[in-house]
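Protein chains in written order, with this note's numbering: chain A, 1089 to 1561; chain B, -7 to 222.
Treat the hints with care, since some could be wrong.
Here are the simulated lysine-lysine pairs, DSSO-like style, with alpha carbons at most 27 Å apart [stated by the list, open to error]:
(1) B:K67 <-> B:K110
(2) B:K110 <-> B:K76
(3) A:K1319 <-> B:K76
(4) B:K112 <-> A:K1534
(5) B:K77 <-> B:K155
(6) B:K173 <-> A:K1534
Note that these hints are calculated values from the structure, not bench results.
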Amino acid sequence: MPVHTDEAVNASILGGMLEGKRYEYDPVDRHGPTLYFATYPLVRCLGVHSLAELEAWELRLVPAVFGTALLAALLLLRPGLTPGVLLATSLWLGLGAPFVYYGRYWIHETLFVLLTAMMIGAAWRYLRDGQRGSSILAGASAGALLATKETAVVALTGAFVSLVAVRLLGAPLALPARRSAARDISIGIAAAVATAMLLFASLGRNPHGVIDALESMGHAAARAGGQGHEKTPLAYLQWLLVPGIRSVPWCGWTLAAFGIPGAVLAWRRRRTDSLPIFLLAYTAAALCIYSAIPYKTPWLELNFLTPGAVIAGIGLSSLCSSLAGSAGRAASFVLLAGLVAVLASETRRLCFTYPSDPGNPLAYSPTVHDAERLAARVEGIVAGTPAPRGVVAVVGADIWPLPWYLRHCRNVGYWDEVPSSRVLAAVVSSAALYEKTANTLGPGWKQEIYGLRPEVLVVLFCRPDPGEAPNTP
Amino acid sequence: MPIQTRFHSFASRRPALLVTAFLALGLLTLARAEDLVPLKLDLPKPMFVGTPVPVKLPNLEAPRSGRRPDFMAPKDATNLALNKKVTSSDMEPVLGDLTLITDGEKAGDEGNYVELGKGKQWVQIDLGKSSKLYAVVVWHFHSQARAYKAVAVQVSDDPEFSKGVVTLFNSDDQNVLGLGKGTDPTYIETYEGRIIDAKGNSARYVRLYSAGNTTSEMNHYIEVEVYGSP
Chain A
1089 MPVHTDEAVN
1099 ASILGGMLEG
1109 KRYEYDPVDR
1119 HGPTLYFATY
1129 PLVRCLGVHS
1139 LAELEAWELR
1149 LVPAVFGTAL
1159 LAALLLLRPG
1169 LTPGVLLATS
1179 LWLGLGAPFV
1189 YYGRYWIHET
1199 LFVLLTAMMI
1209 GAAWRYLRDG
1219 QRGSSILAGA
1229 SAGALLATKE
1239 TAVVALTGAF
1249 VSLVAVRLLG
1259 APLALPARRS
1269 AARDISIGIA
1279 AAVATAMLLF
1289 ASLGRNPHGV
1299 IDALESMGHA
1309 AARAGGQGHE
1319 KTPLAYLQWL
1329 LVPGIRSVPW
1339 CGWTLAAFGI
1349 PGAVLAWRRR
1359 RTDSLPIFLL
1369 AYTAAALCIY
1379 SAIPYKTPWL
1389 ELNFLTPGAV
1399 IAGIGLSSLC
1409 SSLAGSAGRA
1419 ASFVLLAGLV
1429 AVLASETRRL
1439 CFTYPSDPGN
1449 PLAYSPTVHD
1459 AERLAARVEG
1469 IVAGTPAPRG
1479 VVAVVGADIW
1489 PLPWYLRHCR
1499 NVGYWDEVPS
1509 SRVLAAVVSS
1519 AALYEKTANT
1529 LGPGWKQEIY
1539 GLRPEVLVVL
1549 FCRPDPGEAP
1559 NTP
Chain B
-7 MPIQTRFHSF
3 ASRRPALLVT
13 AFLALGLLTL
23 ARAEDLVPLK
33 LDLPKPMFVG
43 TPVPVKLPNL
53 EAPRSGRRPD
63 FMAPKDATNL
73 ALNKKVTSSD
83 MEPVLGDLTL
93 ITDGEKAGDE
103 GNYVELGKGK
113 QWVQIDLGKS
123 SKLYAVVVWH
133 FHSQARAYKA
143 VAVQVSDDPE
153 FSKGVVTLFN
163 SDDQNVLGLG
173 KGTDPTYIET
183 YEGRIIDAKG
193 NSARYVRLYS
203 AGNTTSEMNH
213 YIEVEVYGSP
């Protein structure tokens, strides 16, 4: 799967850290620092010291670890959920196309979902057992969540609203009857604040990062308005439930099919069992909030699909449990085998056969394979140019993820226009600057079109081979 | 006697005959030119349905202002490919079927195009009999700004394309197809399609190649029209 633009941007930040540049939180255009701090030690252990040495698989190990850890984090809910429910839930988390797809993207979302699960799971444990450690874990997870993405506000709001809702519905939810409960909660909140401040301040090396974090909320609010990513309120449901040209949306359909009986059960047991009704309320709250926000990207689905998978797990588990006797066990086996088959079939098509296809509902502005061909072509040009080689000039604004793909080339520079003071081996121009670039370079160049993302094209200007005619206008 | 001397000798002896011959030739040429009319194409609705792209690199050719220049073809030129049989290197397309290529429907919506597998692929139209051809017009895909790689168009009377092959268009500058390096420009697909001059070659079969595009490794065809004398 080609490296997505967001992964490339993240990689350039991590590359700077690997090359000795101090990380400083950027409140305007970037998410929080957690992803970089989590990845940095791993890639250093793999012997990586610069952006040029990084490989995509090394970065993508990190979300794969987070995805696996999400399964483990569900164990925090074990007192409230049976092993059967957890196993059923893990079918979707382990095989569902959105989980597998974004479990390979080195972006903030899988870490965000993991931290949300840890926060809710630890808070739930605290409410059950009153252990101070659970309170601290919940607080630290919330702090890390805040330092991961601005959408932490959505997760925290959703959790709070759900808590109030289930309390009003009569769920048996109460603080531990201990005198130290207020102190435990205060310690938990302190853990959250301390964790967030420590991370935003780059572990103490950039104290101003804490102020920047407060400032980021204004930028995040503006971004929520859309900024080119506006979608209708039904976009998530369409992505999840409407069949596309590349696959049947089995993950969305089966979550809905088993989620409905799971929701009914959670509702019926609301006065005796608070966790299922809380997770149902959280799923609904997250879906409603994310649907109401104009800014939408498909990976945000994970935020309501994850608790939704638990609700579906309750439905599937209870259905299998209700099928008694040998015939019932056989029927359960057939049901589970069928579920595995359809989930795997969708995942194979969307995650492995068509990962960057425009018809893939999970592929949002994906990098296309042509970008890899362009990088190989540029490397070939550089290798075939006699010394002194001159530079490869990349001009224009919309050129991501080229900095990732051209990371091995030493003489690459990025400009707003063709640099006049440089000897040029090749020029990669954005479509927007094509005419200006062509006019500046003049005749004698050969041009080739490449795609970076669907509908984002660039033109490579290179010298024609001997005997080959230039094709400049 | 040298040829030039023979001509002078003929001209001095039969001036009236010579004038008549030149006049006849001129009239014939004039009549031929009058037969040529702009090729009328039934164009589909423009539909870059995605994000508008600031693409000002129409075909990597000198940017064109205004409408496309008329392509002149004889008055009797008709689309010989309509509803004709299509074969392909990928006889089990990923999406759609090969009949879509000559069904006359050029809209860019889903369901109107055929998708062939990854990499180098071709489609071939059997016109039924050898005919004089003037233009091949191809619409690969026009609901997104994209360019197809290594586009080549050949005609022949041999269904195997092993003899009597004439290449009308070849943008394969890296010789991916193995047909030889092409020098024709890569171009961005639009609803107007691409008119390729068939230069009056006579052939029964038309074969079109491509090797993926700037968005995916797949190959697509909405419609191919072949204009010639019936």
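Checked hints:
1. B:K67 <-> B:K110: 39 Å, violated
2. B:K110 <-> B:K76: 25 Å, holds
3. A:K1319 <-> B:K76: The hint is violated at about 42 Å.
4. B:K112 <-> A:K1534: Distance of about 23 Å is within 27 Å: holds.
5. B:K77 <-> B:K155: Within the cut-off at roughly 21 Å; holds.
6. B:K173 <-> A:K1534: 14 Å, holds
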